[in-house]
Amino acid sequence: MLEFDVRCRVGGFALDAAFATGGGVTALFGRSGAGKTTVLNLIAGLARPQSGRITVEKRKLYDSTAGIDLPPHARRVGYVFQEGRLLPHLTVRHNLLYGNFFNRKKNQVVAFEQVTELLGIGHLLERRPGALSGGEKQRVAIGRALLANPEVLLLDEPLASLDAPRKAEILYYVERLRDEVRIPIVYVSHSLDEVVRLSNSMVLMSDGRVLGTGDVREMMSRVELRPYLGRHEGGAVIEARVAGQDLKSGLARLEFGGGALEIPDVEALLGEQVRIRVRARDVSIAITRPAGLSIRNVLAGTVVDLADDEGSSLDVRLDLHGTALLARITRKSASELGLRPGLPVFALIKAVSIDRRSVGYA
Amino acid sequence: MWSLSPAETTALLLSLKVAFWSVAASLPVAVALAWILSRLSFPGKSLLDAVVHLPLVLPPVVVGYFLLLAFGRRGAIGAFLEETLGITFIFRWTGAALACAVMGLPLLVRAVRQSLDAVDRGLEAAAATLGAPPLWVFATVTLPLILPGILTGMLLSFARSLGEFGATITFVSNIPGETQTLPLAIYAFTQVPGGDGQALRLCILSIVLSLAALMASEVLVRRATVRAAGRDA
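These protein sequence lines are chains Y and F, in that order.
Mapping to the working numbering: the first sequence position 268 is 564, numbers consecutive.
Mapping to the working numbering: the second sequence position 16 is 1454, numbers consecutive.
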């Protein structure tokens, strides 16, 4: 549990942000320059606020009214930096144990063997950081932060400097971390794919301010936040269960409350829960069930509302028996079809519009 | 021909002793000064910087003369040290070491400061978030990373001490066995008729000594650099 409520001014940049997180992964999302890294630095004590309050698990790290300002080494905040920051003169083993030395008497979050197994770094222990790949460095950095027994783990765009295969590799390890280690994680990112794949809740930031916080699915469907989530990237998030894998066609059948989706190249196993991001621009609307169609996913639902947007296109919010879905269509189509709240419609989603990056473990 | 006479051995050993202690005594001071100049900003910083560098540009005789004024029997610091601690610098080998330390300090401070400026402060911040208090961070992160700079500075200041002449002869005079280091012995031989051969022998000795120091430090610096860069040795 992290509570953050801080005002701070660094040079010409002003930050005035407040939010609280529960367990699991909280994504700090926003464009570069929104103040995400500044928030992490404030939590870790590497930047100094003007006023406010920061508490972790009821422990005050900073409180301007009470005059509390713990130094970084007393905060018990695990920080994984964008560029790893492994100590170059120490071996991987000594990097991992560096923080452990100071915190070994406290409650162990994880054991050394568990960390090396979880992150797959057991074979690297005697190497030096200069000889590691980018992905290996980040895994060691995560392990090092964990072994210092932190009460919260901060990840600052750990994938930013990695190529696509390495990104997938680290994402897999962060997912395991989230599921196997009971520690709240704050994950800074400007990639919606990562956020959707990893996070339970989301803090949306812009220009040093918090625009909204909440459940990722709920945030994604909030139309007023769309400009900040990226005009072409916004959409709904659906949690579904893998009900079938057809090896011949390469399609997986994913079932959820509102029906079923057929999607290619899903790596999850039968019965596993996955999270799928469906971009609004990939969803079409028909008022009668179409036939003779290449589109594989046709889902029945009703119109909830239409966003009163300026411009040539607008967002239609659909309800698929309890599951929210967003469709981005032209204003002209909306008026020609006569879309209005309560109208029963069919949502059409091309299977190939959902790529591997849009699917993650729930 | 190739064996050293007792007088030559005495001068050589004295030179090494003086150089060693001048480097050893000035190292902590130099690291502290370098840290202050690299990390802090305060009014008068450029003045401190200039004062540290003065011995580099002043005639060594001037430094020696000021040492004589300050650390002589009747000098303010000299009198105080003699009364309270019983330490005498004037006309002693300790005085020669002090003169060498002052003359070598700018070289040592410069080398250490340059590597301090080059240290990634992010690494120190990372160590702090892992629970390491500031002094511990300095000892386990900063020091190992600036080790190449420290070794370079130590070599420069060591070599400077071996060659120091003006400040030493002004401050502690030219006393065989006490303050007569190699350069002073060479000077003494050139002042007596027929001393040329002796002077030349000591000159060759000086060259061999300096070359050995250079090569030894080169090896050490290379090793420390590999370590600090994080490559597998």
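Some clues are possibly wrong.
Here are some chain Y residues the structure puts well away from chain F; computed CB gaps all over 12 Å [stated by the list, open to error]:
#1 R303
#2 A340
#3 D359
#4 A370
#5 R372
#6 F377
#7 E379
#8 L382
#9 N396
#10 F408
#11 R440
#12 D459
#13 A539
#14 G540
#15 G546
Simulated restraints, written as ranges between beta carbons of each label pair [stated by the list, open to error]:
#16 Y/D365 - F/R1511: 30 to 40 Å
#17 Y/V477 - F/F1458: 48 to 58 Å
#18 Y/G567 - F/R1660: 38 to 48 Å
None of these hints come from the bench; they were simulated from the model.
Fair warning: this is a prediction, and the values are worked out from it, not measured in the lab.
Just so you know, even glycine gets a beta-carbon here, dropped at the ideal spot from N, CA and C.
These are the hints, each one checked on the structure:
Consistency note on Y/R303: stated as away from chain F, and its beta-carbon is indeed over 12 Å from all of that chain's, at 22 Å minimum. At the 12 Å boundary, the C-beta of Y/A340 falls inside the reach of chain F, the nearest C-beta of that chain being 5 Å off. Separation of Y/D359 from chain F is adequate, the least Cβ-Cβ distance of about 20 Å exceeding the 12 Å criterion. Separation of Y/A370 from chain F is inadequate, the least Cβ-Cβ distance of about 8 Å not exceeding the 12 Å criterion.
With 12 Å as the threshold on Cβ separation, the claim that Y/R372 sits away from chain F is violated: the shortest Cβ distance comes to roughly 7 Å. Listed as outside the interface, Y/F377 is inconsistent with that label: its C-beta sits roughly 6 Å from the nearest C-beta of chain F, within the 12 Å cut-off. Consistency note on Y/E379: stated as away from chain F, yet its beta-carbon is not over 12 Å from all of that chain's, at 7 Å minimum. The Cβ of Y/L382 does not lie farther than 12 Å from every Cβ of chain F; its closest approach is about 7 Å, which violates its non-interface assignment.
With a least beta-carbon separation of about 8 Å from chain F, Y/N396 fails to lie farther than 12 Å from that chain, contradicting its non-interface assignment. No beta-carbon of chain F comes within 12 Å of the beta-carbon of Y/F408; the shortest separation is about 15 Å. A Cβ of chain F approaches the Cβ of Y/R440 within 12 Å, the least distance being about 7 Å, so the stated non-interface status is violated. Annotated as non-interface, Y/D459 keeps its C-beta farther than 12 Å from every C-beta of chain F; the closest such distance is 21 Å.
With a least CB separation of 44 Å from chain F, Y/A539 remains clear of the 12 Å interface cut-off, as annotated. The non-interface label for Y/G540 is consistent with chain F: the shortest C-beta to C-beta separation is roughly 46 Å, beyond 12 Å. Against chain F, the non-interface label of Y/G546 holds: every CB pair exceeds 12 Å, the least being about 43 Å. Separated by about 52 Å at the C-beta atoms, Y/D365 and F/R1511 break the suggested range of 30 to 40 Å.
Against the hinted window of 48 to 58 Å, the Cβ-Cβ separation of Y/V477 and F/F1458 comes to about 53 Å, which satisfies the hint. For the pair Y/G567 and F/R1660, the supplied restraint of 38 to 48 Å is violated, since their beta-carbon distance comes to about 58 Å.
The structure does not agree with the numbered hints 2, 4, 5, 6, 7, 8, 9, 11, 16, 18 stated previously, though it agrees with the rest.
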